[in-house]
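Trainee: Residue numbers (numbering that gives the first Met the number 0), protein chains in the order written: chain A, 0 to 151; chain B, 0 to 151; chain C, 0 to 151; chain D, 0 to 151.
Because the hints were derived from the structure by calculation, they are not lab data. We put the CB at the ideal spot given by N, CA and C, even for glycine. Any given hint could turn out to be false.
Examples of chain A residues lying across from chain B (beta carbon under 10 Å, computed) [claimed, not checked]:
#1 M0
#2 K1
#3 I3
#4 A69
#5 R91
#6 P133
Number of protein chains: 4
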Amino acid sequence: MKPIIAVVGGSSCSASEAQLAEELGRRLSEAGAVVICGGLTGVMEAVAKGVRGAGGLVIGILPGNDAREANAHIDVALATGMGETRNALIVRAAGAVVAVGGGHGTLSEVALALRIGTPVAGLQDRFAGAVEMPRLESPAAAAAWAIAQASR
Amino acid sequence: MKPIIAVVGGSSCSASEAQLAEELGRRLSEAGAVVICGGLTGVMEAVAKGVRGAGGLVIGILPGNDAREANAHIDVALATGMGETRNALIVRAAGAVVAVGGGHGTLSEVALALRIGTPVAGLQDRFAGAVEMPRLESPAAAAAWAIAQASR
Amino acid sequence: MKPIIAVVGGSSCSASEAQLAEELGRRLSEAGAVVICGGLTGVMEAVAKGVRGAGGLVIGILPGNDAREANAHIDVALATGMGETRNALIVRAAGAVVAVGGGHGTLSEVALALRIGTPVAGLQDRFAGAVEMPRLESPAAAAAWAIAQASR
Amino acid sequence: MKPIIAVVGGSSCSASEAQLAEELGRRLSEAGAVVICGGLTGVMEAVAKGVRGAGGLVIGILPGNDAREANAHIDVALATGMGETRNALIVRAAGAVVAVGGGHGTLSEVALALRIGTPVAGLQDRFAGAVEMPRLESPAAAAAWAIAQASR
Chain A
0 MKPIIAVVGG SSCSASEAQL AEELGRRLSE AGAVVICGGL TGVMEAVAKG
50 VRGAGGLVIG ILPGNDAREA NAHIDVALAT GMGETRNALI VRAAGAVVAV
100 GGGHGTLSEV ALALRIGTPV AGLQDRFAGA VEMPRLESPA AAAAWAIAQA
150 SR
Chain B
0 MKPIIAVVGG SSCSASEAQL AEELGRRLSE AGAVVICGGL TGVMEAVAKG
50 VRGAGGLVIG ILPGNDAREA NAHIDVALAT GMGETRNALI VRAAGAVVAV
100 GGGHGTLSEV ALALRIGTPV AGLQDRFAGA VEMPRLESPA AAAAWAIAQA
150 SR
Chain C
0 MKPIIAVVGG SSCSASEAQL AEELGRRLSE AGAVVICGGL TGVMEAVAKG
50 VRGAGGLVIG ILPGNDAREA NAHIDVALAT GMGETRNALI VRAAGAVVAV
100 GGGHGTLSEV ALALRIGTPV AGLQDRFAGA VEMPRLESPA AAAAWAIAQA
150 SR
Chain D
0 MKPIIAVVGG SSCSASEAQL AEELGRRLSE AGAVVICGGL TGVMEAVAKG
50 VRGAGGLVIG ILPGNDAREA NAHIDVALAT GMGETRNALI VRAAGAVVAV
100 GGGHGTLSEV ALALRIGTPV AGLQDRFAGA VEMPRLESPA AAAAWAIAQA
150 SR
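Let the hints inform the model, and build the full structure from the sequences given.
Mentor: So, in structure tokens, the structure goes:
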């Protein structure tokens, strides 16, 4: 089976975070990973765009009941109807997690990953003072790290 | 986005149920659907085999924490760590549900689908006295019904 | 710890079902059980009324995000924000389950209980043709059965 | 209905954190709150002890399937079988959350509370550099704050 990598980040993000997320999605796809994310806007949309541009597969795990809430780049939108409780599903299902930028929802995902033992790293994440985890320099480095972790 | 169809059924099943599920998986894939299932054995394995044989995409939504519990035909194994509570996720995420054979777990999925309004039908299901829902004659009819429902 | 008994049933119910549920709540409380239910109307409200009338403790496990959706007799309203996925939580948390009347949601709870091994019985339930389980004659018999099961 | 206050913190904790949690449990009970927690050891056990000592009600929302995993002071142990995904249930169900000490699991709860809008504050929590939230000086102050928030 292909490795499953979660990319998490804010539903609103800066232009440079979007660029990082899009490149990360592209590189993960080129390396053969399936990408999962929260399926909405911001970093979730940028990474999905990158995956789709590279011909990869991106699955959105949505908080609401309606798959049509997914952004336009999501291949498979799984509506959970569980609200933010779905954050735990994302990090549980992933073989590794990369956080780009991020707010409180993203921090909850990073903390849950650390708690349950899913490898997690930051790519220009906003949690420098909050949690210790590897910080990767570039989308290329993050993709390589994530795939290596998920394949262990 | 492609329609998402859930195929649900027992983790052990008869040879004829396995045959029905496998053909259903094949026909759903040929018609362009993404198939989701519980990812384990029995009907879940047979439908996944059918999807894979047709070059389609099949996602397993697993009860446990370990994606390696998925059967060998699953493309993307999403470990939920939620136990049987994941049954609700399967019918929530689907645009339509088809039940093949089935025991108590399957009955819970059929009942939840009826409760939340996800269209659900039976293909040689075992719930004749239990619930009213459409019964389809063949895998071909079930695939056509499911895709029509999920596209509404 | 006190035994935890779930009483499940429709959000709308007949007057006689309400009467059964209320007496069941009363008898469970008198026997020292904590009662859990879905927290809304119909059977859930009637059983809560019975518990409160007897000075017992009744906990409502709600589908939505707002605890104020609970009926007026609930002591502790736990909002889950998980929709009908919360049905699984009710039968997972209970030491035994009694179904009174009931529609599709209740059937999903009965089927899940049978699937995961939580003892479940019917008290004038509507699933005679659907599932095999003990049927109790009266609220007194159902309360005695449930408490015996949950204490094993 | 009584206000529901969640007290969250590590499954192992220092003696002074245990003392704070126990006093917090006592004061919350004296003020009429129902206390919910994760039901296990450390801060969860200390707060439960405080509640019980004051004659209050404390509910444990457990990660596993077995209610007997609860610590000895829990009144009502609700087994969820959802693993760490249950963290989201705790902060969703609460009218306010107080974090004492804490590790990654607690940080996930604090972050989720901030994300979904459940008022959350720290009492000698370990997240000074991680998140902005009110910090209370004492168990008495924390209890008063939490009850005021949950009553709004």
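Trainee: Hint by hint, which ones does the structure fall short of?
Mentor: Going through the list in order, the structure violates hint 6 alone and respects the others.
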